[in-house]
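Listed here are the chains, written in short residue letters.
Protein chains: 2
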Amino acid sequence: MIPGYFMKIAEINLTSEEIDFITLEEKEVKAFIGGSGIGAKLLYGYTNHKTDPLGPENVLIFMTGPLTGTKAFSSDRFEVITKSPLTGIYAESDCGGRWGEGLKKCGLDGIVIKGKAKKPVYITIKDEEIKIKDASELWGKDTFATDVLIKEEMGPNSHVVCIGKAGENLVKFACIINEGRHARAAGRAGVGTVMGSKNLKAIGVLGSKEVKIAHEQEFNQFIKDLSSRMAEQTEALRRYGTANGLEYCESVGDLPIKNWYQGNWEGAKKISGQFMAQTVLKRNYYCGRCIIGCGRTVEITKGKYKLEETAGPEYETLGMLGSNCLVDDIEVICKASELCNRYGLDTISTGSAIAFCMEAYERGLITSDDTGGLRMEWGNGDALLGMIEKITSRQDLGQLLGEGLIVASREIGGNSDEFAIQVKGLDFPAHDPRGKVSVALGYATSNRGACHLQAFTHDFEDGASIADLGYPETLDRFEITGKPKFVVDFQHLMSMFDSLRCCKFTVFGGMTVEPLVKVLNLVTGWNFSKEDFLKTGERIFNLKRMYNIREGISRKDDTLPPRILIHPRGGGAKDNLPYLNKMLNEYYQIRGWDEFGIPTEETLKRLELKEYIKEC
Amino acid sequence: MIPGYFMKIAEINLTSEEIDFITLEEKEVKAFIGGSGIGAKLLYGYTNHKTDPLGPENVLIFMTGPLTGTKAFSSDRFEVITKSPLTGIYAESDCGGRWGEGLKKCGLDGIVIKGKAKKPVYITIKDEEIKIKDASELWGKDTFATDVLIKEEMGPNSHVVCIGKAGENLVKFACIINEGRHARAAGRAGVGTVMGSKNLKAIGVLGSKEVKIAHEQEFNQFIKDLSSRMAEQTEALRRYGTANGLEYCESVGDLPIKNWYQGNWEGAKKISGQFMAQTVLKRNYYCGRCIIGCGRTVEITKGKYKLEETAGPEYETLGMLGSNCLVDDIEVICKASELCNRYGLDTISTGSAIAFCMEAYERGLITSDDTGGLRMEWGNGDALLGMIEKITSRQDLGQLLGEGLIVASREIGGNSDEFAIQVKGLDFPAHDPRGKVSVALGYATSNRGACHLQAFTHDFEDGASIADLGYPETLDRFEITGKPKFVVDFQHLMSMFDSLRCCKFTVFGGMTVEPLVKVLNLVTGWNFSKEDFLKTGERIFNLKRMYNIREGISRKDDTLPPRILIHPRGGGAKDNLPYLNKMLNEYYQIRGWDEFGIPTEETLKRLELKEYIKEC
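Chains X and G are the protein sequences, given in the same order.
If you use my numbering, the first sequence corresponds to residues 74 to 689, in order.
If you use my numbering, the second sequence corresponds to residues 74 to 689, in order.
The hints are simulated quantities; they were obtained by calculation from the structure and are not laboratory data.
Computed from a predicted model, the values in this text were never measured in an experiment.
You can trust all of the hints, since none of them are fake.
If chains are identical, the list can't say which one is meant, so a pair holds when it fits in one copy or spans any two.
Here are the simulated EDC-like cross-link-like pairs (lysine to aspartate or glutamate), alpha carbons at most 20 Å apart as the crow flies:
1. Lys224 x Glu202
2. Lys647 x Asp667
3. Lys331 x Asp667
4. Lys199 x Glu91
Between the sequences and the hints, there should be enough to build the whole structure, so can you do that?
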């Protein structure tokens, strides 16, 4: 056992160029673990409801977790936490790749970026040496080139996170890219926009320290014992990537089609993981410490959309830039994905914005005069690519689309708010709440707005199961009974994943609740029970909620757009419409939240969050 | 048969003092009947989405219908139609009393008030002589005094509509009062505010003409034959008024209690119609041509709330100023009702505003510093009376409450929007959608915002029935199957009632669909079938919807506040939460409205409303 497990965080002020270090004591770490747990706690203190997300007073927090950089499968991950310029509320964004472990090897568990540089800068961290450098040569470069240039400077073992032009230009859903052309993204809610607002182009890390493990031998053995099962059970992911089940998703009414309007679509089979494997797929990509290898690299050797080997589109990207825009040309989607990666755009929000734009175009609310000549017809791949350019460079309608759906629909008018598919300002990812009722509740209550990862129930309501969370069998995806509890339980587990920092896909390979608890205890030397573990997840989830409560979020915001609530998509989702209000009532009761969706004093005390009571 | 049944409408411009007359030809009258049907058609033409409800460009339309002033039971009614300053959308407000027939006897079916007088004026209409007169002596007087003064001038057979101080002071939910201290009100959506904005204090009418009947003898016989049944079947209304069923409403979770939070309340029995009959009731009040006599007059001979004989509180008033504020003192409610009548305040919105204020007070969002010293505790009758004064005179918090719940909750903040119980800006009347699911759909789709009268299903989902509308038996009030059709059918029938202008309570005495059709045909000489009749109701309902569509209303607005959707009230409503989105989807399909709740081109063509297609 390590006496006094602690975390060390660098606080880098870009205004003053001062660098401080914060040490989080064991008690605090035990309560909030790391990743978005610690991130949320820090963000709550640094910011408040008056903080302008793009002002120097906002902070951008990069956090690893206790498991980051250990052998605990797919653990080379970090979380970015900030106040979102897209939603105005709490934001976290998770990223794989190879930067998290790099940071940790510098002896740092996290970094807090404060203030705003006078002109573009980048940061290099070599073990404990942190430098703020002039980025005038990097500014304007895409993320692939930036990665190459910084690696040339720091060496081949260094790792880089950076923004592209979208972040520089303050597109509200800019992301942060790690691993250059292998592009892993901290994608959602505009974390790259905040980085851009601080004039921060990139952070390179190169460390040589060891990651601390309390019971190393036992830990190694435990992981070794799990390895073959992990590899076996994730084979489909390895073969076909996250788009492995895309056709199935289409068949059960999960895949978004035509801006969430349509039930079925023939094109699904032309954008599936299986189809990619036969066409554009070059090889697997593995994040650090991963044996699953769901990542794709793709190559297109000829034709209009020729592409050097680079990261291929994930399921979400295929859903949002593909089926949701009725684009069934896999080469176009690969190209679109590459552009988003180069420019540092969230592929989910980008696809959402373009599908929204296509619907507005079809309805005559915008014309090609607005789009700088682009004919935004459904399925028009070149228009899709053209609009990605325009969103990035903020030209023509791209300027407005880059502000997010709420602003764009307000400006475009003509009832376009009726097909702006978001919750709390965050665009839907590619899973349809009409196909699986738990997804409805998950999106409505996710702390960062519409998000499939905060509850991650979509795979477990219909398909996989987690016996040691109490769900040994597959469920009826249209039945609401029991679903509030189901969502709550998953939100707690996922809060822990986002704090421990290892990949959620490890669940499919056996890294369920009990093994996670075991691994956490072996790494930290703690003695968490399963109950402690899930209660910590609950604490973290509630802390994020309290951040949002301070921002004015309440029950009225825990909802879904009318298209999802009132329009049955048909197809595999049949005529199902989520009975959200009924589920929400039960959900609040289970959570110990009051009628307005605010955690009660009793609940906050039970979760040892009583210092957060006063401010609500 | 009268060749060329037509309507004559006076257009009175208060800016220019010009008076014109419009004649509506038979074809137009057949299509929109009268009352709010013709009113909506006229309003659509006079105003548009840029019209400021309180600007001189808004119009205030008073309309009677073909039945007004005939023997067709309780037909002395008129409708006021305008663009609402409370909601910003279509408004209609129905009124009994004795003014409608008075207007009609002047040879006029309606009046359109345009422009704005430079200083306070009133209008007198004696047969065809219309005069605009200086109202400086009347301005500031209450409605009772104003009625007396104009009757002194015009004679005892004249009838007066007027506003009180609330309308003069532009309280957003000011009403128009007829019959002075017997106070019948065109209550809802701020029609009195519009009257105030035009500097128009009152309109007196004194006519001597006969109301036209095509087949008079047959008509008289038909009414005579129905009379005894009408009298018999409405006996409970006559004995105990509209509050006859108040205790039952409490028992089934229909009566609002503590700002729609609570399930049951002992106090109900102290504010019921039966209790009134034993205490404050003086006698019945009958509107013109009425044999039901649900109206109450009350008298309090001694004590703090001493009251000369005047109009007593209706069920809605008892629910909103009584149970919803936990006030169980019938004398206080009688006094509050009298104040609202004198000042010209809608008792429903006033009760809603005060219950909202009491909840904000309980939650510490406002204090007695804000209320000018009033302690707004639940059940505090004197605070209730004090706040009515403050709303009227726009003092302290009364200023803000007089702007309506949306504005008030935005200003007060602290999640008070969570307990602002309204739809489209109009406060709920005293029927709870959790107790009867059709009420949920009715409120969400009512063209003037939350309204029990536009569908009027609350009495027919649980209790009464209308066989010739297809509902011979009572329904399961928690079951949603079949309810969308039920609401649609009732909305059509009620659109006809609001256009024909006779009291909806006549339904209970046998004036159901077929007798209504008969009566309409006998009066006008037309040959409407039942299908024509209901289709006309549908046409009128859709026309009002198109008015609102032009104002930006769509599916997103067809909803209910979160307390009603997500918080089960318990009591007789049990844990029911309306599955509104499911019902709404079916409702749109039945109506032939598109996904956004907009009538399709096909629907508008079917309803002969094709001239309204272009503007949407």
